[in-house]
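Visitor: Chain order of the listed sequences is A and B.
All residue numbers in the first sequence are consecutive under full-length UniProt numbering, ending with 124.
All residue numbers in the second sequence are consecutive under full-length UniProt numbering, ending with 463.
Source of the hints: derived by calculation from the structure; they are not laboratory data.
Check each hint, because a few of them may be wrong.
Claimed, not checked - Straight-line distance between alpha carbons at most 16 Å, and here's what the computed EDC-like set of lysine to aspartate or glutamate pairs gives:
#, chain 1, residue 1, chain 2, residue 2
1, B, Lys441, B, Glu458
2, A, Lys56, B, Glu156
3, B, Lys91, A, Asp92
4, A, Lys123, B, Glu130
Note that the structure is a prediction, hence the values are computed from the model and not measured.
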Amino acid sequence: MSAPSLANAILKRPWLSKIVKPIASWYADAAGYRKLGLRADDLIPEESETVLLALKRLPQQEAYDRVFRLRRAFQCSLSHTLLPKEQQTKPDEDYPYLSPIIQEIEAQAKEHDDWDAAVVQRKA
Amino acid sequence: MISRSAVGRNAQLALRRQCCVKPAPLNRCGLAAVSTGSTSFSYESADVGGIKVASRDVAGPTTSLAVVVKAGTRYQPLPGLTVGLEGFAFKNTQRRSALRITRESELLGGQLLAYHTRESLVLEAKFLREDLPYFTELLGEVISQTKYTDYEYHEEVEPIIKLSQQRLLADVSDLAINSAHGLAFHRGLGTPLYPTSSTPLSKYLNDGTIHEFADTAYTKSNIAVVANGANQADLSKTVGEFFTGVKSSTDAVSSPASKYYGGEERIAHGSGNALVLAFPGSSSFTAGGSYKPEISVLAALLGGKSSIKWTPGFSLLAKAASSFPGASATTTHFSYSDAGLLTIQFTGSAQAIRGASTEAVKSLKSIAEGSISKEDFTKAVALAKYRALEEGQSTDAGLVSTGAGLVHGGQPFQIDQVGKSVEGVTAEKLKSAAKALLDGKATVSAVGDLYVLPYAEELGLKV
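Chain B with its partners taken away, still in its complex shape (with noise of 0.2 Å):
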């Protein structure tokens, strides 16, 4: 800050009367300028030389770009190699260093993100309008050109991976998801999201061993490249333009078939309770066919969270953990490309529990008795319907549905027919949907105190 006496009053006036003349001229990014887009909130998908590419003309001044791959931890020959590759984004490439990357984002604004999910590593960037062309040419170079240096697996790569293995330690809810998944599904959609603390790292996790794993997952036939926020026709030209390097190969990455097991884990721990409930559940609405819309009515009937204020809610978990004080129940349906896992959380005092999880199990029966009120059936397909548009709105979880659906060979999300399909839900299908649910195995994991935390059998499910 110059400070009021540091500079002259002439000074401040002249500074004052040149704005005033002059107005500044308009950054880079003057919000008239662009606005070209629709209000459609369905994406547009193409084929670009054999690239799969969808945008989402959403009006306004920024964009999100992401290169979604099918390299998720469902897909990783070997543990580690995804969250490796993840280290790897945006680091040296054959034309520019990591420095150069960030630096030069810093100063168009741009942000760059990696994650990966159980079925898609995401490379994701988000900028002004009218830098596609340089963002896109990243994100090429990044996938097509990294270099995967030693030193830099050691120095940058490999101390996050330690750290991130040390947070899932410590995350009872967290090791509970894991525990579940590995369950219902053993490999493929089983291996944990991050590799657990005991997962023999240098065994498998080399440079060399994500190099090899990139050149199989970086292929056009495996990355989808969708956009929020730009024309599809700049976009395709863009892609066109700069993702020439990426090869096209033969040999996909690929994963069985997900198939539910179900089973039960119990875990000693010292740090917390949680306790999880799964049931084989629906696959994504960009996978097709398998689709249950009733599997996500039946989520928000059960509930668990109340999403307005000042009451526990309608749903029938709130209800049955608000008898339990210090238990907090929520459903959770992880949908997938082929499969998808229901499940149904409770964290708190190991006690607390114990109690919600067998009232929770008491309800789930009476859905399947058919013995709920038109009204909560009402409320819950209304809650149903409103959490699919919104996540199919909002731009993160568009971009990984959309891009996750167009890698498996499915559609993109289109937002109007999944509103549609949540609404034809009757009562009749979720009480059958719930009725087969306890029918078939049931997946039961507890972290925590086992002394206390209940049993399956206790619950009254079967494993």
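Just chain A, with the same shape it has in the complex (with noise of 0.2 Å):
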């Protein structure tokens, strides 16, 4: 699911992601999610066996919040209003919640495959 991405490389070198930091906090900003309660990870596309496992091994308050911030953005979305200044998501709640969970399944399929592919080789 996840996208290629360059955030690794600029987190790296200081100086970049000093530049790049305040574009990428003003690009997400400008995105809109938050205006409706939202956080980044609730934009992840379910529709992968993937993501749907991650969905039933997030801890049980996570899932219930999610499925509130994604109803409660429903409604303002059906009734073209945005949340009160208060409600809207900050900077620092939009940290990824789902997305370390998709990463390591990512992972242990990824070793599973690497595992089928393994070749022995045996000392002589």
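Fit the two chains together into the complex; they arrive one by one in their own frames, and the hints show the way.
Guide: Shown next as structure tokens:
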């Protein structure tokens, strides 16, 4: 599911991240999902086995909060309104809660494939 | 398979010639390389950095290595924790994934097992002798670095616990044995081996409680590493190297000393009948002082299942049950670190069980009165001795009983001493043991058709 990303390469270089970070924050804010009370990870498409499994592995509270945010956003969308300022997602609340689980599942799948393709070399 | 026509004749010849010229390299377990072991059946034990290590260097190319943990159902602080901990064996650890553990063990030809008894939780690995370091490291890692993640609990451990609950509910013999243990010992040893289907698991069991239990159970004073077919020096060295991550803890897992209560329980059940008559038995040999060999002779004398073919055998219960077709009787002696339970179990149709159990109590009374022929007594002693020795000789039972003996502060299973103590049983001792059983309180649990199955009082037993 995860799209190719330059984030790691940028974060590794402090000078570059110093330049890019303000732009990124501005972009995330301008994307508008925060005004509906969503987090970036709420926007990940659910229609894949990996994400479905990741959603099952969410802690109960996180899963509940996610459904709440989604329903609130639907309501806002239907009524063509934005949430009042104090209910909108603040930048520090917009942390990745789902993508670490997805990455873990992807790593497990990759390990599985690697083992399936493993070649045994016996020591002479 | 490559078909004959697919491979040209020349290729076949070449293959064959290659084999003749250069014999295929011996696989790493070349038989000639091993067999350094002695043929002694006694365990050598040692203390490696606070961990008890015992091994028996039986000659042969394979090794079985077990970590015996004092964490059986007797010691679980909440119902189901032992089964949960067993389910988490060989799951993801900090250093490698469950998948990697499985695949690597497969490549080395090893087998990994986890099982539990009422007193011990056993993590066992069986493998080729030269892979000892790998599997010692693996077991050390499993007990000190397992992650206990919540998703593994929900996706892999919990469904299996639910299945084992259902299996237990359907099995009348297991229900009766568990019920007898519950009646005889109440808490501690009386806890069922698997949580019963009505145990509210979600209340007690989750990855957090299992992790906490693991932290108290997998500690240095609480485990013993036992091996069959490994050199004591090698084992001590690898254990010293790879079990460094195991914590030493001050608050050890404990359970109050077992006390025998006795009583009667009747459970209605639709699929099958079972009746268990149980009496206080003897603790296991490894416990030391409270070991009573006459109980195992009594178990052999009562018997039930013939040990040879085409005859009901000499045992009293087999004779008693033979006049009630459809009933089968078995006598089992469950021995634990500080108590034991001698059980006579009947299965079959309710009517037949009723008849056979009445006869069985009569034959127990006849033993108590001393009207047992000299010949039967000799046969019983020989059978009891054989069973005790065979148990010590067999790898699995020997591993568990030695490990349990070590973690409970006793001695390893010493096969020659067991044989001697069983030989020392006299007819007089047997008679007084049987008399003591009948005078004390019995445990009777009936599962099945309660309209027909007898009450303890009808059988002439005190509860």
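Visitor: Run the structure past the numbered hints and jot down the numbers of the failing ones, going up.
Guide: Of the numbered hints given earlier, the structure breaks just one, which is hint 3.
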